[in-house]
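J.: Since chain B is already given, all that's left is putting chain V with the ligands on it; use the hints.
Chain order of the listed sequences is B and V. Letter 107 of the first sequence, counting from 1, is numbered 107 in my numbering, and no numbers are missing. Letter 175 of the second sequence, counting from 1, is numbered 175 in my numbering, and no numbers are missing.
None of these hints come from the bench; they were simulated from the model. It cannot be assumed that every hint is accurate.
[Said to hold, decoys possible] Label pairs and their computed distance ranges (CB to CB): (1) B:His219 <-> V:Glu132: 49 to 59 Å; (2) B:Leu222 <-> V:Glu190: 52 to 62 Å; (3) V:Val136 <-> B:Pro114: 51 to 61 Å; (4) B:Ala156 <-> V:Glu132: 27 to 37 Å.
Small disclaimer: the values here were computed from a predicted structure and weren't measured. Ideal Cβ placement from N, Cα and C applies to all residues, glycine included.
These are the residues of each chain, in order.
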Amino acid sequence: MVDWQFFALLLSNGVLIGLMYSLIALGFVLVYKATDAINFAQGEFVMIAGFLVAVALGAYGAPLWLAVALALAVMIAFGFGLERVMLRPLIGRPIVAVIMATIGLAAILRGFGPLMWGAETKPLPLPIPDEPIVWGPFFIPPIQLLGAGVSLLFLAIFGWFFLRSRQGIAMRAVADSQQVAMAMGVNVERYFALAWAMTGIVSALGGLIWGNLLGVDVHLALVGFKVFPVVILGGLDSIPGAIIGGLIVGIVENVAAGYIDPWVGGGTKDFAPYVLMILALMIRPYGIFGKQIIERV
Amino acid sequence: MLALNNIEVIYDGIILVLKGASLNVREGGITTLLGANGAGKSTTLKAISGLLRSERGEVTKGSIEFHGERVDRLPPHEIVRRGIVQVFEGRRVFEHLTAEENLIAGAHVVSDVRRVREGIERVYEYFPRLKERRAVQAGYLSGGEQQMLVIGRALMSRPRVMLLDEPSLGLAPMLVEEIFGIVQRLNREEELTVLLVEQNATLALTIAEHGYVMENGRIVLEGSADALRENADIKEFYLGLTEVGARKSYRDVKHYKRRKRWLS
Ligand SMILES: Nc1ncnc2c1ncn2[C@@H]1O[C@H](COP(=O)(O)OP(=O)(O)OP(=O)(O)O)[C@@H](O)[C@H]1O
Ligand SMILES: [Mg+2]
Numbered sequence: 001m002v003d004w005q006f007f008a009l010l011l012s013n014g015v016l017i018g019l020m021y022s023l024i025a026l027g028f029v030l031v032y033k034a035t036d037a038i039n040f041a042q043g044e045f046v047m048i049a050g051f052l053v054a055v056a057l058g059a060y061g062a063p064l065w066l067a068v069a070l071a072l073a074v075m076i077a078f079g080f081g082l083e084r085v086m087l088r089p090l091i092g093r094p095i096v097a098v099i100m101a102t103i104g105l106a107a108i109l110r111g112f113g114p115l116m117w118g119a120e121t122k123p124l125p126l127p128i129p130d131e132p133i134v135w136g137p138f139f140i141p142p143i144q145l146l147g148a149g150v151s152l153l154f155l156a157i158f159g160w161f162f163l164r165s166r167q168g169i170a171m172r173a174v175a176d177s178q179q180v181a182m183a184m185g186v187n188v189e190r191y192f193a194l195a196w197a198m199t200g201i202v203s204a205l206g207g208l209i210w211g212n213l214l215g216v217d218v219h220l221a222l223v224g225f226k227v228f229p230v231v232i233l234g235g236l237d238s239i240p241g242a243i244i245g246g247l248i249v250g251i252v253e254n255v256a257a258g259y260i261d262p263w264v265g266g267g268t269k270d271f272a273p274y275v276l277m278i279l280a281l282m283i284r285p286y287g288i289f290g291k292q293i294i295e296r297v
Numbered sequence: 001m002l003a004l005n006n007i008e009v010i011y012d013g014i015i016l017v018l019k020g021a022s023l024n025v026r027e028g029g030i031t032t033l034l035g036a037n038g039a040g041k042s043t044t045l046k047a048i049s050g051l052l053r054s055e056r057g058e059v060t061k062g063s064i065e066f067h068g069e070r071v072d073r074l075p076p077h078e079i080v081r082r083g084i085v086q087v088f089e090g091r092r093v094f095e096h097l098t099a100e101e102n103l104i105a106g107a108h109v110v111s112d113v114r115r116v117r118e119g120i121e122r123v124y125e126y127f128p129r130l131k132e133r134r135a136v137q138a139g140y141l142s143g144g145e146q147q148m149l150v151i152g153r154a155l156m157s158r159p160r161v162m163l164l165d166e167p168s169l170g171l172a173p174m175l176v177e178e179i180f181g182i183v184q185r186l187n188r189e190e191e192l193t194v195l196l197v198e199q200n201a202t203l204a205l206t207i208a209e210h211g212y213v214m215e216n217g218r219i220v221l222e223g224s225a226d227a228l229r230e231n232a233d234i235k236e237f238y239l240g241l242t243e244v245g246a247r248k249s250y251r252d253v254k255h256y257k258r259r260k261r262w263l264s
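The shape of chain B in the complex, shown without the other chains (with noise of 0.2 Å):
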């Protein structure tokens, strides 16, 4: 019963849904590259933001703009807060002191936002239409497209920044070798809160589209665990590897999902992509993108 009509449904939400796992596991693969930290937060960040639009919204009635621009600013301003007084006492430490750290601050973070907001699960409503667009066999919700778009843009921006500016640039040369960045005349610890408080702006849209799409509370957080086999299959610093590995992950929990649930009683979405993710990780440790050690020989 191979019915492509039902096949090209679920690719076609697995991509979308995908580059909305890409936009995500961008603020990761940013924050990685230029600072070699992992951030375990990331989810979290993401729902934080997500409650700073639902609450402006809903709580206050700001327009969507207010809101959103608010989200932006307080989640830049928490990139950089955050590197300044939790990761810069880090710095040199061994690389297991920022991931428990950013694990401490996982927990903390799930554990303020209901406290200050409610744990209630708050709408963030959006002015868009609910019925899905119907094209061919497709079959496609508004949002999805929405979050998919938005996921583009500000991959090509920053895959642009990296690649073409100079600050990119620089940023790039403190992945490399932060001592020889130094001696550039590169200000590292500026570079460093430049790469947090760019993950305050991708979370920020994160949490507005996928708070859009299954409501702020807690849980919302969980999205934080696709980022995991986006960037393993990826490549930990790679953003076209966050683009590749993001799609390859929407579509096969998508497709996973349609043909394996029926049978297993639901749950498939959850476990394929890391059933992908432990494969990967033992063909390719550095993913389809990630920097390779160069050896001349």
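T.: Relative to the frame of chain B, chain V with the ligands by itself:
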């Protein structure tokens, strides 16, 4: 113009490496700092460039002055802005950046984009081979090209003083001569002051006017390049010419054996 006054450097709060070293870098000249492995030459350069701190080292005594200003407390990017740039030993290119991106990264303190472009062209004039290889990832360049790239990259910050750490290390003699020739041209044409750390004393003393010899964290000998070349100890220990009856050692014979390894 650049003066180190009796500086002491300690790593990790306990490892004393420089034990009161003083030296003077003359404006517009090439000064060389010679010494055996582990003498403290690279440490001296890092003390000047402010990069000691990234290795948990610290200038604990003495002072470093540049044009009369104390610079030993400044962070590295401030030192670069004042016109002092360090070229590390071991050809430390940004491996994953292309050759040209390495140059752009080197110009980080130059804000005017036009001057960055000019700088790149200037580097390509001195090192035509880099122009051919501009789009190649620096990690895949040959050793000689990498050495040229790190010197070119340092030039991009428009320095007044370049601290050059063992540019000859691991390169074929022909290439070393080429690179030394270019350093000499930079010194003359760009009025670049150079502090050259070398193991290859013969070559260093041919392009430098003045030299220092460091041993165990102290300056043990200083003089004009001509005088150093004629000095019996230098001849014996650093140039590999033994004179019968020459004084035996600054320290002891063991040192002598150790030094022999890097005679060239
Ligand atoms: N980061 C560090 N921490 C602790 N000790 C260090 C550090 N860097 C250098 N040292 C020690 O300081 C001493 C001098 O090292 P330095 O690198 O300055 O020597 P050098 O003269 O440049 O030698 P070489 O010719 O081998 O490059 C050595 O004994 C070395 O072990
Ligand atoms: Mg050295």
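J.: Please go over all the hints and tell whether each is borne out by the structure.
T.: Against the structure, the hints come out as follows:
His219 of chain B and Glu132 of chain V have their C-beta atoms about 56 Å apart, which keeps the hinted 49 to 59 Å range intact. Taking 52 to 62 Å as the suggested C-beta distance range, the pair Leu222 of chain B and Glu190 of chain V conforms, at roughly 59 Å. Separation of Val136 of chain V from Pro114 of chain B is about 53 Å and conforms to the stated range, judged on CB atoms against 51 to 61 Å. Between Ala156 of chain B and Glu132 of chain V, the C-beta spacing of about 31 Å keeps the proposed range 27 to 37 Å intact.
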